[in-house]
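There are 4 protein chains.
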Amino acid sequence: MCGVLGYYSDVVAEAAYFAYLGLYAQQHRGQQSAGLAVSDGRRIRIKKGMGLVTQVLTNEALAKMNGRISIGHVRYSAAGEPHIANAQPLLGATRHGQIAIAHSGRLVNSAGLRRELQLNGAVFQSTTDSEIILNLIARQQCDSIEAAVVKAYSRLQGAFAVVLMTNDALIGFRDPSGIQPLCIGKLADTILLASESAAFDTIGAEFMREVRPGELVIIDAQGLRSKVINAQGRPAFCVFEYIYFARPDSYFAGKNVHLVRKQIGRRLAQEANLVADLVIPAPDSGTSAAMGFAEEAGIPFDFGLMKNRYVGRTFIQPTQALRQQGVRIKLNPVRALLAGKRVVLVDDSIVRGTTSAKTVEMVREAGASEVHLAVASPMFLHPCHYGIDIPSTDHLIAPERTKEEIRALLGADSLHYLSLEGLYAAVGAKSDQVCDACFSGRYAAGMYEATQDLDFLEDDND
Amino acid sequence: MCGVLGYYSDVVAEAAYFAYLGLYAQQHRGQQSAGLAVSDGRRIRIKKGMGLVTQVLTNEALAKMNGRISIGHVRYSAAGEPHIANAQPLLGATRHGQIAIAHSGRLVNSAGLRRELQLNGAVFQSTTDSEIILNLIARQQCDSIEAAVVKAYSRLQGAFAVVLMTNDALIGFRDPSGIQPLCIGKLADTILLASESAAFDTIGAEFMREVRPGELVIIDAQGLRSKVINAQGRPAFCVFEYIYFARPDSYFAGKNVHLVRKQIGRRLAQEANLVADLVIPAPDSGTSAAMGFAEEAGIPFDFGLMKNRYVGRTFIQPTQALRQQGVRIKLNPVRALLAGKRVVLVDDSIVRGTTSAKTVEMVREAGASEVHLAVASPMFLHPCHYGIDIPSTDHLIAPERTKEEIRALLGADSLHYLSLEGLYAAVGAKSDQVCDACFSGRYAAGMYEATQDLDFLEDDND
Amino acid sequence: MCGVLGYYSDVVAEAAYFAYLGLYAQQHRGQQSAGLAVSDGRRIRIKKGMGLVTQVLTNEALAKMNGRISIGHVRYSAAGEPHIANAQPLLGATRHGQIAIAHSGRLVNSAGLRRELQLNGAVFQSTTDSEIILNLIARQQCDSIEAAVVKAYSRLQGAFAVVLMTNDALIGFRDPSGIQPLCIGKLADTILLASESAAFDTIGAEFMREVRPGELVIIDAQGLRSKVINAQGRPAFCVFEYIYFARPDSYFAGKNVHLVRKQIGRRLAQEANLVADLVIPAPDSGTSAAMGFAEEAGIPFDFGLMKNRYVGRTFIQPTQALRQQGVRIKLNPVRALLAGKRVVLVDDSIVRGTTSAKTVEMVREAGASEVHLAVASPMFLHPCHYGIDIPSTDHLIAPERTKEEIRALLGADSLHYLSLEGLYAAVGAKSDQVCDACFSGRYAAGMYEATQDLDFLEDDND
Amino acid sequence: MCGVLGYYSDVVAEAAYFAYLGLYAQQHRGQQSAGLAVSDGRRIRIKKGMGLVTQVLTNEALAKMNGRISIGHVRYSAAGEPHIANAQPLLGATRHGQIAIAHSGRLVNSAGLRRELQLNGAVFQSTTDSEIILNLIARQQCDSIEAAVVKAYSRLQGAFAVVLMTNDALIGFRDPSGIQPLCIGKLADTILLASESAAFDTIGAEFMREVRPGELVIIDAQGLRSKVINAQGRPAFCVFEYIYFARPDSYFAGKNVHLVRKQIGRRLAQEANLVADLVIPAPDSGTSAAMGFAEEAGIPFDFGLMKNRYVGRTFIQPTQALRQQGVRIKLNPVRALLAGKRVVLVDDSIVRGTTSAKTVEMVREAGASEVHLAVASPMFLHPCHYGIDIPSTDHLIAPERTKEEIRALLGADSLHYLSLEGLYAAVGAKSDQVCDACFSGRYAAGMYEATQDLDFLEDDND
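Residue numbers (the working numbering), protein chains in the order written: chain U, 1 to 462; chain X, 1 to 462; chain G, 1 to 462; chain P, 1 to 462.
A couple of the hints might just be wrong.
Unchecked claim - Calculated lysine-lysine pairs in the DSS-like style (CA-CA distance at most 30 Å, straight line): (1) X/LYS64 / U/LYS255; (2) G/LYS64 / X/LYS64; (3) G/LYS307 / P/LYS358; (4) G/LYS330 / P/LYS403; (5) G/LYS330 / P/LYS186; (6) G/LYS307 / P/LYS227; (7) G/LYS358 / P/LYS307; (8) X/LYS403 / U/LYS307; (9) P/LYS330 / P/LYS358; (10) G/LYS307 / P/LYS186.
Please keep in mind that the hints were generated in silico from the structure rather than gathered at the bench.
Computed from a predicted structure; not experimentally measured.
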């Protein structure tokens, strides 16, 4: 889903350092690439690369990026080969001056827009939606950047949260349904934008409010101005942010994510109505829901699967002998805790099901007498068209199977999904206030159009 | 405290890969350097370097290390400059052939031994105790390596768990009091040694038993043989392994560490007898004890301080503006959870006290009406002479202060330490069965002798 | 001046490896960045980065770039900060499909073209002329890429040699005056393009001919086709290629560069008519001319200044003590050879004069009784508008000084420049067949127009 | 052959920087590893690693090494796997305090010494002779380091030039025959030691004299003292330093290496008495001799084979297609110069002959009508026991073949070696004043004893 950040200060300040921290706090939203653009008022400088924020944005790099306006981006490992050309922000020189841009989400009409722009002479150097938006803006013969952005916005369909900067202004906007999150923070005279409010906490800034669906905000020497460009979208905030993506310490619509997850767990406990000795989470994403489940069910909560804190990205090639051994690199079951117990294993969601099957088996091998799998979300039945990396229904475990078939496949004694109504209740929103397309098939902002491309660059969503 | 690993197979096998995994599972025991030695039966090869296991032991390096016997080491960032010369294992050619050696712990008579060996012609290329032990072994005019090790052992005082290999044998031994841990595992015909049993789980091996205090084990073509060299030491397993060092999924003396920590938490709850609304852990080391505390006290448990999972080692230099902001890189309090609550904050131990003070303040600023600090160990009053990096009593918060002074310094509403008796009860051991010198001042294996060195290499404990 | 390379084979072959070698042979033309684009017939992949060919294009990178068509580029450290965004080739998706492009030289009307393109909606992500050419091509509403290139070509003014590829064709073209070099080579059925013929030798290919001024060549499944687009330019090959840039083993207009340089040296000897004991070159660029000078003058030739073969790019910061010492990192005079001798020091050219002054002093300090400086080119009086990095006349030693003032400044006993007529004679060309603007001020392809930019990206010439 | 450096200043100075430059100037003597030890008067710090001086000794590393005494080393890629354990200097703590040591050359009795030391309890962590010497010194029960070194020296046989430092003194010594070079330089109050005098030129220091065969020099607060320990060796300076190893701008026995090589070339011309059109060197090592040859023979000298100045160490794996092409990465013949000519190709020496055969073929393919190979040294018939990496006679082309057979193998029209008498005359030394064992089989300092090792570390000579 990617993470974005914006920073605007009137005083010449250390924008790069604050933006760095804001990105760092959102590292969980993308580990493929990281980047930062900073303006000193005259010129925008940029630094981006493959890898984590701490790897790309070194002290040496930050020291060279003086300025008071900045945007940043962390990129999620989406479909398609990772490539440096797709790292963001994107920096371009246009008739409106230099513009740096970064986004989270996915345009559903990107293929058509690219085709149209290419036919009209555009050159694309990446496969990002950000470059499409930048080209649309560059082609508007308006006097102000604000007017150009508004015009370009009218062409965009899908889910998107965009931060954009010129030499002297920071702009943020969000799709008409507000599918992708974008928040506004404040630190003395500095204004910040971020995908998640936890980024503000890290910097020591205060959460002000979310950018509204269809709203554009501009921060410059005149302060913060707002303009609702499109008020027609039906609100549809991505419910998966609550379920999985967001940090537990972030807030959306005034609700703390950890507490929402606990509430989901409570509701799941009510619906599942299980008798058991122990509730354990699938580390780490099932923890909050498992705690809520345990509290509601009155069953003890504990950590039955311990995680190696040092599991990183680079890892050795498994040799034949290692494969036969079935090594447990990431998780280790605590036999002393599980042996002889009826265990409820709480996971946040089941997408492909491969990890869940292994986890259930691991708990059983550690001596659990029963393993009940409780899933803190409804059945994942439909691909996401707005940025979650689920290429097609082929890879989902649920669409073509009955619940009983899934249970058997995962090896659990029983399987329990949260109901859609339960989810709405836990999240505190009505069904027409969230995007739950992955569960319901109701796509709030259209579906991805696979127009034939003019070239062979791989498709790519952020 | 460092982590060690040994691997012996009769079949020519992928020793390097298994040893790699065993080290990786013990990464929490040391992040300063990592190393591996592997024998192909003819010759021992070695690879070591500064940094994490995954950084030093790359696929490329492992591919070059064929063999069926291996030892490995991860090093804790102890006092003194980190230096590649002190990375282990140490490989030396001696009258007994090639020997590779690695250890965890600290000799209390190292200064005297080094002085004696240097006066008799030895050359030291590191400041590790491993090199002292290796030189003692090399000087024994015995026929067998076993006999040489036994003779060298008689000169050693302090806390030590050693793994050592020749071209065709793996040897392990432990100090007479068994202060440092060393376990034996089994995987088909393969024998393993490791500081912690969790290393066996990762590889898919089975825990057999611990090496006994004063015991030497030899694994070679004849199988595993054992010899108790010194049965005079009073048993004194380091109680801090239970409190902080070990992985929660490891076992010592048949007891699971996580469950011992929960028991400590329960006992602490009984002793503290607090009235509160919420129990939260200081992440991550206070989690197990906090859960036990909450269960015993009947107070809800939750995660009031969220941790950024991506906090790594390299970090930017804090600039002036950042310092003034008081950024929260590692932890973020969940205001929605803490506001208006009487909070019990459970930490595993207080050594210097600087982190605890900040954590208490953070909880209070998030709106907690009361912050009670419950410490899951007794007062840390005495420096460790056996390997924990506490240079002197000067840096400890407890020795020169009353409990009330400490409470005031830390800014807590109340402060609660576990009693020594409570610790014994929770660990299930008598006072003369563990090393609790840091709390009691009773040193089971003598104190470090600061003999004047002949040279100026910095002192160094592993 | 940059170096370019093109490779086309009908058979699916190791294009990347051959292109790598062709670039490597042209490394002297640019050490700032290196890059390669390769097509597998379906899609173009690209790899580029800062540094040398061997640093950027690793075995690992090459192994991933299968294909039979390739272009490559090495970039000269021109004015302006080096930046990865300016590394070439540039890869873009356009209405004509994917296009990769790289060039050597400089457009004199780049500022105007960029301004025009930006006003019409273009987005520039670098400051290279290649991106301007690519945008011009992308905007041509032609059916064929060939037609689009021809149309775009008509807008270009200045010095340029361009290689360009689509998924199935390789295209090369050269400015109407042929200022920048571009040669065609052949290896069985494979066609190659390169700035210098020495690149063909390295690969084992044969030199066919040069691309003619104003000529476009297209290599695809139909073989090689040629089209002279602009026959109006007066021929004006950069004479500095003969004097300094090119490898001594390259050929232009059928003439070997080393032999042309020797001929320059001979002519200089005739003009200077010096009496001396020894002729020595300023390493390494003065060697060929010095040999010709010595042969013509009948004075012994020798290497009086020895060079450290390992002088690389990274070097320590000179400390105060080092500066006072006047260390001689690069060159060391051979006192046994120079002491008491009347020495002719032959240098290829004098631009700023700072290095020459130091070299003269070094020879004198080594005991030479006389030091005569013979320069194998005329006075460098005018900035280059076509790609040589001479920002302005301010940095040239010659414009504002008499020859006698320059001699005094350089500390030589006498100073001798080659005459323009001498240069023509040695090169075997008439004054209207070469570009000698730096000496004569006659610019064959116009002068750089400094139109006001719409943005603040630094200007940049390749 | 390796290169060593020593630096001593009484004033606290930038020893590391000067030592760095002295090593850098000797980079041609070894590219496998580089290292530096520096004393601040209290403690010796060390930095070493695999690779070039500029790669290992970064600015960052040098900045941490304050001090006024230093030794350094560059290591030649000798037989056996390169390994960091064999990088020098070696730093050890002994009864005499800290000692750092580095050497050039090879002990012929190393196997026996190691065996003896191991039997007496020594531990070897490398396979370098330096570690043997260090252990011998550490075992001397003397009061002074000087006395200990003198005693240890008496056990050494072979070729060696050693630099050694304690916290407050610099010591250098040379084998009794002076096979390995070691020179003394001076820069104000600073004393330097180096393998080659060119190192002094780079630093701006003055050459004083060579350390004499069998001489020990000590530099400390009392100044420079000298002691001839062994005056019994017959002088036998390695004649290959003149032929190949040393920089052309270095001096031995008052003679400049470049001029000696020219003299060798002159003598070779007299002996060969060839009729030809052109003399060309095999780049770069044949250049000086070829110039002398050409001058004496009255045949024009030129560079017929051009070298790519950027040839580095890392290189791509040759693929099948590349191998078939016979690419010319390093050298390129200048056809315009060679075509139709009778060419004398001058090489410094022929060891294995593989390179020479390729070079001869390259010249012939470029159109030379005749190719005469003139070798600026006698036939290489015997392995070197003193440090040149020639493992056995099996790899030499000369021992088992007649001159005519060699000529045929190399494909030359005629083959000419320098006579031994010619070599003596050119070098200006009698046959009993140089080590010419590789040509004559007369080993001045014994032959290598292959005593059976106690362990399996590979043998290694520096």
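G/LYS307 paired with P/LYS186 [C-alpha distance capped at 30 Å] = holds, 22 Å
Are the Cα atoms of G/LYS330 and P/LYS186 separated by 30 Å or less?
-> holds, 21 Å
Measure nothing beyond the straight line between the CA atoms of G/LYS307 and P/LYS358; if it is 30 Å or shorter, mark the hint as holding.
-> OK: G/LYS307 and P/LYS358 at ~27 Å, within 30 Å.
Is it true that the CA of G/LYS358 sits at most 30 Å from the CA of P/LYS307?
-> holds, 27 Å
Are the Cα positions of P/LYS330 and P/LYS358 separated by 30 Å at most?
-> Judged against 30 Å, a Cα distance of about 12 Å means the pair holds.
Do the alpha carbons of X/LYS64 and U/LYS255 lie within 30 Å of each other, as the hint requires?
-> violated, 54 Å
Measure nothing beyond the straight line between the CA atoms of G/LYS307 and P/LYS227; if it is 30 Å or shorter, mark the hint as holding.
-> Violated, at roughly 36 Å.
Restraint status (C-alpha distance of G/LYS64 to X/LYS64 at most 30 Å) | holds, 24 Å
Proposed proximity, U/LYS307 with X/LYS403 (alpha carbon, max 30 Å) = The hint is violated at about 35 Å.
Given the hint that G/LYS330 pairs with P/LYS403, test it: the Cα-Cα distance must not exceed 30 Å.
-> violated, 41 Å
Hints 1, 4, 6, 8, counting from the list given before, are not met by this structure.
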